[in-house]
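Trainee: Listed below are the residues making up each chain.
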Amino acid sequence: MGQASQQAPGRYQLSQLDVLEAEAIFIMREVAAEFERPVLLFSGGKDSLVMLRLAEKAFWPGAIPFPVMHVDTGHNFPEVIEFRDRRVAEAGVRLVVASVQEQIDAGKVTEPTGRWASRNRLQTGALLEAIEEHGFDAAFGGARRDEEKARAKERVFSFRDEFGQWDPKNQRPELWSVFNTRIDRGEHIRVFPISNWTELDVWDYIRRERLELPSIYFSHEREVFERDGILLANSPIINRDETEVPFTETVRYRTVGDLTCTGAVKSTAVEIDDIITEIAATRVTERGQTRADDRASEAAMEDRKREGYF
Amino acid sequence: MSNDILRFATAGSVDDGKSTLIGRLLFDSKSIFEDQLDAVERTSVARGEEQTNLALLTDGLRAEREQGITIDVAYRYFATPNRTFIIADTPGHIQYTRNMVTGASTSDLAIILVDARKGLQEQSRRHAFLTTLLQVPHLVLAINKMDLVDYSQERFDEIKAEFTDFASKLDTRDLTFVPISALHGDNVVSRSENMPWYTGPSLLHHLENVHIASDRNLIDARFPVQYVIRPHKSADPELHDYRGYAGQLAGGVLKPGDEVTHLPSGLNTRIARIVTADGDVAEAYSPMSVTLLLEDDIDISRGDMICRPHNAPEVTQDLEAMVCWMTDARKLTPRSKLLLKHTTRSAKVMVRDLRYRLDVNTLHRDERAEHLELNEIGRVRLRSTQPLFVDEYTKNRQTGGFILIDESTNATVGAGMVVRTD
Numbered sequence: 001m002g003q004a005s006q007q008a009p010g011r012y013q014l015s016q017l018d019v020l021e022a023e024a025i026f027i028m029r030e031v032a033a034e035f036e037r038p039v040l041l042f043s044g045g046k047d048s049l050v051m052l053r054l055a056e057k058a059f060w061p062g063a064i065p066f067p068v069m070h071v072d073t074g075h076n077f078p079e080v081i082e083f084r085d086r087r088v089a090e091a092g093v094r095l096v097v098a099s100v101q102e103q104i105d106a107g108k109v110t111e112p113t114g115r116w117a118s119r120n121r122l123q124t125g126a127l128l129e130a131i132e133e134h135g136f137d138a139a140f141g142g143a144r145r146d147e148e149k150a151r152a153k154e155r156v157f158s159f160r161d162e163f164g165q166w167d168p169k170n171q172r173p174e175l176w177s178v179f180n181t182r183i184d185r186g187e188h189i190r191v192f193p194i195s196n197w198t199e200l201d202v203w204d205y206i207r208r209e210r211l212e213l214p215s216i217y218f219s220h221e222r223e224v225f226e227r228d229g230i231l232l233a234n235s236p237i238i239n240r241d242e243t244e245v246p247f248t249e250t251v252r253y254r255t256v257g258d259l260t261c262t263g264a265v266k267s268t269a270v271e272i273d274d275i276i277t278e279i280a281a282t283r284v285t286e287r288g289q290t291r292a293d294d295r296a297s298e299a300a301m302e303d304r305k306r307e308g309y310f
Numbered sequence: 311m312s313n314d315i316l317r318f319a320t321a322g323s324v325d326d327g328k329s330t331l332i333g334r335l336l337f338d339s340k341s342i343f344e345d346q347l348d349a350v351e352r353t354s355v356a357r358g359e360e361q362t363n364l365a366l367l368t369d370g371l372r373a374e375r376e377q378g379i380t381i382d383v384a385y386r387y388f389a390t391p392n393r394t395f396i397i398a399d400t401p402g403h404i405q406y407t408r409n410m411v412t413g414a415s416t417s418d419l420a421i422i423l424v425d426a427r428k429g430l431q432e433q434s435r436r437h438a439f440l441t442t443l444l445q446v447p448h449l450v451l452a453i454n455k456m457d458l459v460d461y462s463q464e465r466f467d468e469i470k471a472e473f474t475d476f477a478s479k480l481d482t483r484d485l486t487f488v489p490i491s492a493l494h495g496d497n498v499v500s501r502s503e504n505m506p507w508y509t510g511p512s513l514l515h516h517l518e519n520v521h522i523a524s525d526r527n528l529i530d531a532r533f534p535v536q537y538v539i540r541p542h543k544s545a546d547p548e549l550h551d552y553r554g555y556a557g558q559l560a561g562g563v564l565k566p567g568d569e570v571t572h573l574p575s576g577l578n579t580r581i582a583r584i585v586t587a588d589g590d591v592a593e594a595y596s597p598m599s600v601t602l603l604l605e606d607d608i609d610i611s612r613g614d615m616i617c618r619p620h621n622a623p624e625v626t627q628d629l630e631a632m633v634c635w636m637t638d639a640r641k642l643t644p645r646s647k648l649l650l651k652h653t654t655r656s657a658k659v660m661v662r663d664l665r666y667r668l669d670v671n672t673l674h675r676d677e678r679a680e681h682l683e684l685n686e687i688g689r690v691r692l693r694s695t696q697p698l699f700v701d702e703y704t705k706n707r708q709t710g711g712f713i714l715i716d717e718s719t720n721a722t723v724g725a726g727m728v729v730r731t732d
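Those sequence lines, one after another, are chains A and B. Mapping of the first sequence onto my numbering: residues 1 to 310, in sequence order. Mapping of the second sequence onto my numbering: residues 311 to 732, in sequence order.
Don't take every hint at face value.
To be verified - Computed Cβ-Cβ distance ranges for the label pairs, DEER-style: (1) B:Leu-603 to A:Glu-162: 39 to 47 Å; (2) B:Thr-719 to A:Arg-11: 42 to 50 Å; (3) A:Arg-11 to B:Glu-569: 18 to 26 Å; (4) A:Asp-85 to B:Asp-551: 29 to 37 Å; (5) A:Asp-303 to B:Glu-464: 47 to 55 Å; (6) B:Thr-626 to A:Ala-280: 49 to 57 Å.
Claimed, not checked - Short, incomplete list of chain B residues facing chain A, as computed with Cβ under 7 Å: (7) Asn-313; (8) Asp-345; (9) Ala-384; (10) Tyr-385; (11) Tyr-387; (12) Tyr-537; (13) Ile-539; (14) Thr-722.
By construction, these hints were calculated from the structure, which means they are not laboratory data. Keep in mind that this is a model prediction, so the values were computed, not measured. Each residue gets a CB set at the ideal place from its N, CA and C atoms; glycine is no exception.
Okay, chain A solo, but in the shape it has when bound (with noise of 0.2 Å):
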């Protein structure tokens, strides 16, 4: 186990850190042994990044036994592609892009218009084709249940029907950590192996492993307008009015997702040290601050996980 275990307060006992850890793994693996197909939903964000650290623990010496995907909107930022690329190469695994451009191009989904066009909901269409064409039986993801209220609710193995739908009032019981994998052709589960992790749990993890991150989650000058409270990086891809005027501003981002509904923050935190620092004294949530999707309405993230969303 890491450094944190060398702090521990006692014998036999593990920090929480390793604790989290071991049910990841745990998770992981048992997801490997009884799934055919798996697939790791990999955005190159903080989330997955640690996601992929998990995996790379719980099979080493071994390869990891399954692809990872990322739902591409195109609408990305160039640092973060970037580094996704160097990150799953240097791991060894093959990535599967997902890419809603090739469905607005195939006539699939419509490219939504307007000031608010996102193509956020698009990624649900690109995502369930995807596993539909590749056959994927489980997905691990890297939601946490202190992300959201819905997400609260949702259990470790996700079942999805045929159509890729969560229906929150038929979940599967979820006891000791004996899960249920068993599901027909067609259907999948979505995994998620760090539901009980917090935001201040993964950052700390990073740190612990000295995981490398994209530039765009330290401080750095940005232009950027503000809309509805939210910093947005003014970017030829959104339709700013005339009232939303650009500035430069000293930012980071707390999440990483499309760009057109991930916020920045002011922040001057350049290392991982001050990161951790901010988010200890934060009084608001990460998606609260920084994502203009879960605006929508009170249930915007339950209604987007029925339709079979991350």
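Starting from the structure of chain A, add chain B where the hints point.
Mentor: For chain B alone, coordinates are given in the frame of chain A:
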């Protein structure tokens, strides 16, 4: 970070002040964020409620908010400088017994809320029974709304005596009583000046300090084999014959050099190395996820068990277990055929008979019962198609607990706790 984690379940209905208590623990530990509170306040105002309804923080599903009830287990997280807490917030009504069983299955501690005005209710007894059935090691009876009984010591003592009497029939290992007012914060985070007669710790102080390290079984070594790691890297001769058995310890301590027994073969060998990605370790204990390398080449696969030669679980095809039935789609009846999953092993089982159904409110045993319905609990005998490696649930929650799956729907339909083997 040298924190450890305490997982606890809260039981009680909204009327008992459960949501208020959780809200206060989260609020006073600064775990409620401004945007979450804003959202709850907006919704409370929109519904015309007089006070901010903290239950909205935990009731995350649309249906729950619409109906004003908790349907499912919600998990909440908070931390103090001493400990990290995972709360399994479980609904209180009898129709959600299965949810409470689910929440309790992983908990180190359970808080049962009692309204000081009403005293022990049928549901308080049921919650206490389920907590002990699931072998939650620590139980706290939080006697709430003390402000509404003038902070009366007499009332507190009365409820305490009544519960102590009831608990003597149960297998409770550690029982603590705390008089609180969740609404006003008395004895929740800090000791209350309104109850000078109470000399015990505040609820949070108890949660921060209750000793849980010895709750794990560190005597009986149990290693269910989960996954076999065989890296095929022809370039690396060291890995050529590598055969590692990956899994999470379910009990005991294992060290390199230890003599171990493999089940079902009964063959003995020694542990050569205990491997993790961060290097070999000198000992492994629960809940570590490790990989064992053994000295001898034995045919071992997922679902097998590694233990110590003179301390093995029962190897049996016949189980007697307390089963909580979790579906309304079918009943548990004698001759029901189901799939059982226990540690990393799955096997088909048949229900031989239902010994009795337990009334979870009165603990009365109905030996004439012919089936179990949703949320009912009974003692059941099962016959498995292949050997299982089990311990009594009271000895080890991991190797004594199992789930039952309906093979036609793939639903999880029951949870079982091994009582004895024969």
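Trainee: Does each hint fit the structure? Answer for all of them.
Mentor: Each hint, compared with the structure:
1. For Leu-603 (chain B) and Glu-162 (chain A), the hinted distance range of 39 to 47 Å is satisfied, since their beta carbons lie about 42 Å from each other.
2. Against the hinted window of 42 to 50 Å, the Cβ-Cβ separation of Thr-719 (chain B) and Arg-11 (chain A) comes to about 46 Å, which satisfies the hint.
3. Between Arg-11 (chain A) and Glu-569 (chain B) the Cβ separation comes to about 22 Å, which falls inside the hinted range of 18 to 26 Å.
4. Against the hinted window of 29 to 37 Å, the Cβ-Cβ separation of Asp-85 (chain A) and Asp-551 (chain B) comes to about 35 Å, which satisfies the hint.
5. For Asp-303 (chain A) and Glu-464 (chain B), the Cβ-Cβ distance of about 52 Å falls inside the hinted range of 47 to 55 Å, so the restraint holds.
6. Between Thr-626 (chain B) and Ala-280 (chain A) the C-beta distance comes to about 50 Å, which sits within the given range of 49 to 57 Å.
7. For Asn-313 (chain B), the shortest C-beta to C-beta distance to chain A is roughly 5 Å, which falls under 7 Å, so the interface hint holds.
8. At a threshold of 7 Å, the smallest CB-CB gap from Asp-345 (chain B) to chain A is about 3 Å, leaving the interface hint in force.
9. Restraint check, Ala-384 (chain B) versus chain A: the minimum CB separation of about 5 Å is within 7 Å; hint holds.
10. The interface hint given for Tyr-385 (chain B) is met, as the beta carbon of that residue sits about 5 Å from the closest beta carbon of chain A, less than 7 Å.
11. At its closest, the beta carbon of Tyr-387 (chain B) sits 5 Å from a beta carbon of chain A; the interface hint therefore holds under the 7 Å criterion.
12. With its C-beta approaching chain A no nearer than about 4 Å, Tyr-537 (chain B) sits inside the 7 Å limit, and its interface hint holds.
13. Taken as an interface hint, Ile-539 (chain B) checks out: its beta carbon lies about 5 Å from the nearest beta carbon of chain A, inside 7 Å.
14. Annotation: interface hint on Thr-722 (chain B) holds; nearest CB of chain A at approximately 4 Å, less than 7 Å.
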